[in-house]
Structures are given as structure tokens and as C-alpha cells.
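*Asks:* Sequence:
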Amino acid sequence: MKFVISQADFSRALAAGSKSLLSRANLPILSNILIETSAKKITVLSTDLETATQVTLGCKVSGEGKTTITGKTLLEYVAALPEGEVEVEKLGEELLVGTRDYKARFTTMPAEEFPAIPRIEKGISFEIGMADFARTINRVAFCAAQDEGRPILTGVLFDVGKGKIGVVATDGYRLSFDEVKILGGEGITAFRIIVPAKALIEVARIITEAGNGLGDRSKGGEGKIRVTVSAALNQINFKFGDERGAGAYVEFISRLIEGEFPNWQKIIPASFSTKASVERQELTKLIRISSIFARESGNIIKFKLLQQATGVGKAKTNASISVTAQGNQVGSTEVNCEAQMTGGGGEIAFNFRYVLEILSVMEDEMVTFEMNESLNPGKITGEDARDPFFHIIMPVRLQA
Numbered sequence: 000m001k002f003v004i005s006q007a008d009f010s011r012a013l014a015a016g017s018k019s020l021l022s023r024a025n026l027p028i029l030s031n032i033l034i035e036t037s038a039k040k041i042t043v044l045s046t047d048l049e050t051a052t053q054v055t056l057g058c059k060v061s062g063e064g065k066t067t068i069t070g071k072t073l074l075e076y077v078a079a080l081p082e083g084e085v086e087v088e089k090l091g092e093e094l095l096v097g098t099r100d101y102k103a104r105f106t107t108m109p110a111e112e113f114p115a116i117p118r119i120e121k122g123i124s125f126e127i128g129m130a131d132f133a134r135t136i137n138r139v140a141f142c143a144a145q146d147e148g149r150p151i152l153t154g155v156l157f158d159v160g161k162g163k164i165g166v167v168a169t170d171g172y173r174l175s176f177d178e179v180k181i182l183g184g185e186g187i188t189a190f191r192i193i194v195p196a197k198a199l200i201e202v203a204r205i206i207t208e209a210g211n212g213l214g215d216r217s218k219g220g221e222g223k224i225r226v227t228v229s230a231a232l233n234q235i236n237f238k239f240g241d242e243r244g245a246g247a248y249v250e251f252i253s254r255l256i257e258g259e260f261p262n263w264q265k266i267i268p269a270s271f272s273t274k275a276s277v278e279r280q281e282l283t284k285l286i287r288i289s290s291i292f293a294r295e296s297g298n299i300i301k302f303k304l305l306q307q308a309t310g311v312g313k314a315k316t317n318a319s320i321s322v323t324a325q326g327n328q329v330g331s332t333e334v335n336c337e338a339q340m341t342g343g344g345g346e347i348a349f350n351f352r353y354v355l356e357i358l359s360v361m362e363d364e365m366v367t368f369e370m371n372e373s374l375n376p377g378k379i380t381g382e383d384a385r386d387p388f389f390h391i392i393m394p395v396r397l398q399a
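In numbering that gives the first Met the number 0, the protein residues as written are 0 to 399.
FYI, nobody ran anything at the bench for these hints, they're computed from the structure. Treat the hints loosely; a few may be bogus.
In silico DSSO-like links for lysine-lysine, alpha-carbon gap of 27 Å or less [what the hints assert, rightly or not]:
1. Lys284 with Lys265
2. Lys265 with Lys378
3. Lys1 with Lys89
If you anchor each label on the Cβ, the simulated ranges turn out as follows [to be verified]:
4. Ile266 with Gly160: 39 to 45 Å
5. Glu49 with Gly165: 22 to 28 Å
6. Gly165 with Glu364: 23 to 29 Å
C-beta atoms are modelled at their ideal positions from N, C-alpha and C, and glycine is treated no differently.
Build out the structure end to end from the sequences listed, making use of the hints.
*Replies:* Put into C-alpha cells, the structure is as follows:
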């Protein structure tokens with residue numbers, strides 16, 4: 000096996016192709032990546048037995064073959080090399096990687112020991128926009144649970160319907176919903192699957208990298224991601240990039256989570272008595288300041304929505320949002336900003352980390368916050384009424 004590739008391309012391919020790598024594995028082979036050469040292309044593959052990531056990239060190949068090598072070490076080494084061409088050659092049980100002035104020898108393991116990657120033979124396929132998909136995942140997947148004791152909630156619901164996918168994640172304390180359009184999805188029968196949130200987050204990261212070189216070099220990236228779900232609804236495959244050219248082509252495979260996703264609609268209030276619009280960056284600043292004190296008292300901050308002028312009925316009025324926090328030992332703080340409000344206002348408390356997380360993934364200049372009573376869920380949306388995205392956040396009980 001022998002090939003020559005630019006340092007930038009090799010580094011990007013290794014970074015994307017190692018997304019399923021296990022750095023600490025009971026099976027040493029799972030800490031390795033598989034590198035295989037064929038006519039004018041190399042393939043980089045990693046797996047943790049739950050997911051697999053494969054990147055295929057054009058380069059100068061003068062000898063075909065395959066081997067496995069410790070992924071983390073190779074990735075760090077290649078990333079540290081200067082720009083220019085990198086020569087890679089397998090000699091015996093070693094892999095030689097370097098430039099004219101930088102050379103390294105890596106111990107390999109036989110490619111035959113690398114786990115076989117299951118492929119979807121028959122399934123349901125459709126395409127979605129890469130940028131739209133990544134945006135949706137970034138706005139939703141962080142709400143999935145981290146606790147493996149509740150496996151269903153560690154996943155993201157894909158509610159596939161006519162022309163669109165409803166995407167939902169919740170950990171029981173907050174919930175995000177968004178929709179992504181299916182491109183040319185006529186004739187697809189509605190179905191629901193639960194995709195591991197960790198897998199989707201990795202796909203979104205790879206897509207973000209695709210905008211920086213992992214894509215069709217002549218067209219700046221294909222712009223679409225092809226999704227295939229196995230007929231048994233137990234596996235999903237994402238494909239995108241430059242399949243026919245010299246750019247990178249990426250495949251990401253993941254098992255699906257078995258089970259029934261909770262009836263998430265039932266926690267969403269049918270209506271809200273108070274609605275306030277506020278600058279997102281200003282609200283973020285208020286919460287960050289309050290968090291300095293809230294860390295001493297369970298991360299709790301309290302919102303007060305107060306009218307500053309008399310309104311009639313549901314008319315918008317000038318208002319203010321007050322954010323307060325009480326530290327058990329350090330003291331307290333109160334910060335305020337202007338808002339536009341309809342309704343009577345009120346008080347409600349949240350974990351500040353949850354509010355900061357949702358504000359950080361939104362792009363709107365203005366955000367809308369809706370509430371009822373202090374123990375009812377609050378709702379956060381953007382300023383574009385056409386955007387289906389919304390976020391539900393459960394309150395913390397206020398101390399009497």
C-alpha cells in the first residue's frame with residue numbers, strides 16, 4: 000500500500016473518518032482506523048460497533064492494499080505536519096508516514112481483524128439539504144438525555160411524513176422540535192424511528208467540516224445528504240459529498256434505538272397567557288451575569304416579566320424582563336432589559352444552563368418567550384413565524 004496526499008486533505012479525511020473511533024476500547028482493534036487504497040482513492044473507516052464512519056478521498060495511489068493503525072495517534076501526527084504532500088507506505092508490519100523532513104513509523108494490525116460493517120441492502124431512501132439538516136440537529140439533539148438508563152430519551156425522534164421530517168428530542172426537563180424538508184420524497188410511507196443523538200451530532204459535525212473542504216471541489220459540496228433507513232427500521236445510513244469526483248465522500252452508519260418515543264405533544268400548553276419578545280444577545284448577557292450567583296444555589300435564576308405601560312386587551316406594551324439570582328454565600332444580583340409584551344406578565348424560575356443552551360443554538364436577533372403560571376412549561380421561539388422550531392422548558396419550583 001502506497002499513496003501521496005496533501006496534508007490538508009489527509010488531516011480532514013482522518014478527522015471525519017475517525018468519528019466512530021473508540022479511544023478506550025476493550026478490543027484494541029476498535030481504537031484503530033482502517034485505511035484502504037484502490038484506484039486513485041483512499042478510504043478511511045472507523046467503528047465502535049454501534050456506528051461506523053467512512054470517508055473516501057481522491058489521491059495519488061501507487062500501491063493498493065489495506066491496514067489498520069491507531070487512529071488517535073495518526074490523526075494528531077498528520078494534523079501537526081506542515082502543509083504540503085504527505086507520503087504514506089506500508090512496509091511489513093509498519094506504516095511509514097511523513098514528508099521530506101518529518102518521518103514516522105506506526106505499528107499496524109491486520110485489516111482482517113477489523114469488524115465487518117453491515118450495509119443496508121434494502122430500505123427507504125430520501126434526500127435532505129445538508130445545511131438544513133445540520134441546523135436542525137444543532138437545534139434539537141442537545142436536548143436528548145445523557146443517562147443511558149433511559150435509552151429511548153438518548154435518541155432523537157424522526158417522524159417521517161409527507162415531504163418533511165418532524166425532529167424531536169427531550170430529556171424530561173426540556174424539549175426541542177424542528178422540521179426539515181424532504182427533497183423529492185413523494186410516495187414515502189409515514190414512519191417513525193429513534194436515532195441516537197450522539198450519532199446525529201457527529202453527522203452534523205462532519206457536515207460542518209464539509210463546508211471547509213470535505214465535499215465536491217468543483218461545486219463547493221453537493222449540498223444534499225442521502226438518508227437510507229433499513230426495511231427493518233433498525234439501521235440508518237447517511238451519505239454525502241463528492242461520490243464521483245476527487246473530493247471527499249462520507250458515509251455514516253448507525254444502529255437505531257428500539258422502543259416507543261413518549262407522547263411529547265401532551266406536555267405542550269395549548270395557549271399562553273403572556274408573550275414577550277426580547278433581544279437574544281441582551282437576554283443571554285443577563286443570564287450569564289446572573290449565573291455567577293446562581294451557581295451557588297442549584298443554577299436557579301428567576302424571571303420576572305413586568306409591564307411598564309398600560310395595555311388594552313392583548314395589545315403589545317413596553318415591558319421589562321428582570322433576571323435575578325440568589326447565591327447562598329456570595330449574595331444576589333438583579334439585571335433588567337427591555338421587552339415587548341402581551342398579557343399580564345408573571346414570575347418563573349429555570350435552570351440557567353438550559354436557557355443558555357437554547358439561546359446559543361438560535362440565530363435570531365429577537366426571541367419570543369411565552370408562559371402561563373410559574374409551574375407550567377415555558378416556550379421559546381425565534382422571530383420568524385414561518386420557522387417551525389420551538390423549545391419547551393420546564394420550570395423550577397419557586398421558593399415561598
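*Asks:* Which numbered hints does this structure break?
*Replies:* Those not satisfied are hints 1, 4.
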